[in-house]
Amino acid sequence: MENCLKSKLAPKLERKYVEKNRRNHMKNLCNQLHSMLPTSKDTTMAVPDQIDAAVNYIEKLKMNLEKNKKHLEELKMGLKRAQSLNQTNEPGPITKSPTQIEFHEMGLNMVVVLITSLNNIATFNNIIRLCHEEDVEVVSTNFTLNGNSTLQISHETKMNKSSTTLFDKMKELIYGPSHDGNDVDSQLHLWDYKIEFDALELLPTTSQNPN
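Counting in full-length UniProt numbering, the sequence shown runs from 1 upward without gaps.
Note that these hints are calculated values from the structure, not bench results.
Using N, Cα and C, we set each Cβ at its ideal position, and we do this for glycine too.
There may be inaccurate statements among the hints.
Stated by the list, open to error - DEER-style ranges, computed between Cβ atoms: (1) E74 x S35: 31 to 37 angstroms; (2) V18 x G78: 55 to 61 angstroms; (3) E66 x K20: 38 to 44 angstroms; (4) K16 x E66: 41 to 47 angstroms; (5) K67 x P98: 54 to 60 angstroms; (6) K169 x A82: 51 to 57 angstroms.
As the list claims (entries may be wrong) - With a Cα cut of at most 27 angstroms, we get these calculated BS3-like pairs of lysine-lysine: (7) K70 x K60; (8) K27 x K16; (9) K62 x K76; (10) K70 x K80; (11) K62 x K27; (12) K80 x K67; (13) K69 x K80; (14) K12 x K27; (15) K76 x K27; (16) K60 x K76.
Please construct the entire structure, taking both the sequences and the accompanying hints into account.
Now the structure itself:
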């Protein structure tokens, strides 16, 4: 009889012991959670109030975290836009204008050779030498670095409007041997403005640097 009563009481005591341990464990967890709240040292609160305060504090932290994440993304986007703008406004490499040569008839026996963006005086001198080799008189010359260089030549005896051999050779000196004479029109044409020949310097050739 006595053994039967003990066997009936044992499960009840065990359940009470387990429940007591569970409650104590939950109470300790609540105390630890409450200790992390900013106001935990200033106030004494019941367990339900501690849980409510902890929940509210956690929600507040989540809101602040989302707000900070949003602010961080805005800063990153602003930085990307600034970098993109700087790259867009960065000066690119300075591209030099290609050298061009033109032939302009001035009156019956005079041709002005205009060379733009020529930065090599040796090429300019070779053009003058070519004129001498072709027995064409060079009346005056003017060389300007990277500017407009000019030769004033006379074709009274050796040249006429249909004679383009010398002009083709000049183009070859400027553009190279692969130049196709059909690519650049070699016909003589009048300028639509007047050139004052008195402003052209007489031989020997002089070099002018705009800098």
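Here is what the structure says about each hint:
1. At roughly 35 angstroms, the beta carbons of E74 and S35 sit within the given window of 31 to 37 angstroms.
2. For V18 paired with G78, a C-beta distance near 58 angstroms keeps the hint of 55 to 61 angstroms intact.
3. Take E66 and K20: their Cβ atoms lie about 41 angstroms apart, and the range 38 to 44 angstroms holds.
4. K16 and E66 have their C-beta atoms about 45 angstroms apart, which keeps the hinted 41 to 47 angstroms range intact.
5. Separated by about 58 angstroms at the C-beta atoms, K67 and P98 satisfy the suggested range of 54 to 60 angstroms.
6. Judged by the Cβ atoms, the range 51 to 57 angstroms given for K169 and A82 holds: they are separated by roughly 55 angstroms.
7. Among the hinted pairs, K70 with K60 is consistent with the structure: their alpha-carbon atoms are about 16 angstroms apart, no more than 27 angstroms.
8. Simply put, K27 and K16 have alpha-carbon atoms about 16 angstroms apart, close enough for the 27 angstroms limit, and the pair holds.
9. Taking the CA atoms of K62 and K76, the gap is about 21 angstroms. The hint holds against a cut of 27 angstroms.
10. At roughly 16 angstroms between alpha-carbon atoms, K70 and K80 fall within 27 angstroms of each other, so this suggested pair holds.
11. Of the supplied pair hints, the one linking K62 and K27 holds, its CA atoms being roughly 25 angstroms apart against a limit of 27 angstroms.
12. Between K80 and K67 the alpha-carbon distance is near 20 angstroms, which keeps this suggested pair within the 27 angstroms criterion.
13. Taking the CA atoms of K69 and K80, the gap is about 17 angstroms. The hint holds against a cut of 27 angstroms.
14. With a CA separation close to 23 angstroms, the supplied pair K12 and K27 stays within the 27 angstroms bound.
15. For the suggested pair K76 and K27, the alpha carbons sit about 44 angstroms apart, so the restraint of at most 27 angstroms is broken.
16. Taking the CA atoms of K60 and K76, the gap is near 25 angstroms; set against the 27 angstroms cutoff, the hint holds.
When held up to the earlier numbered hints, the structure conflicts with hint 15 and nothing else.
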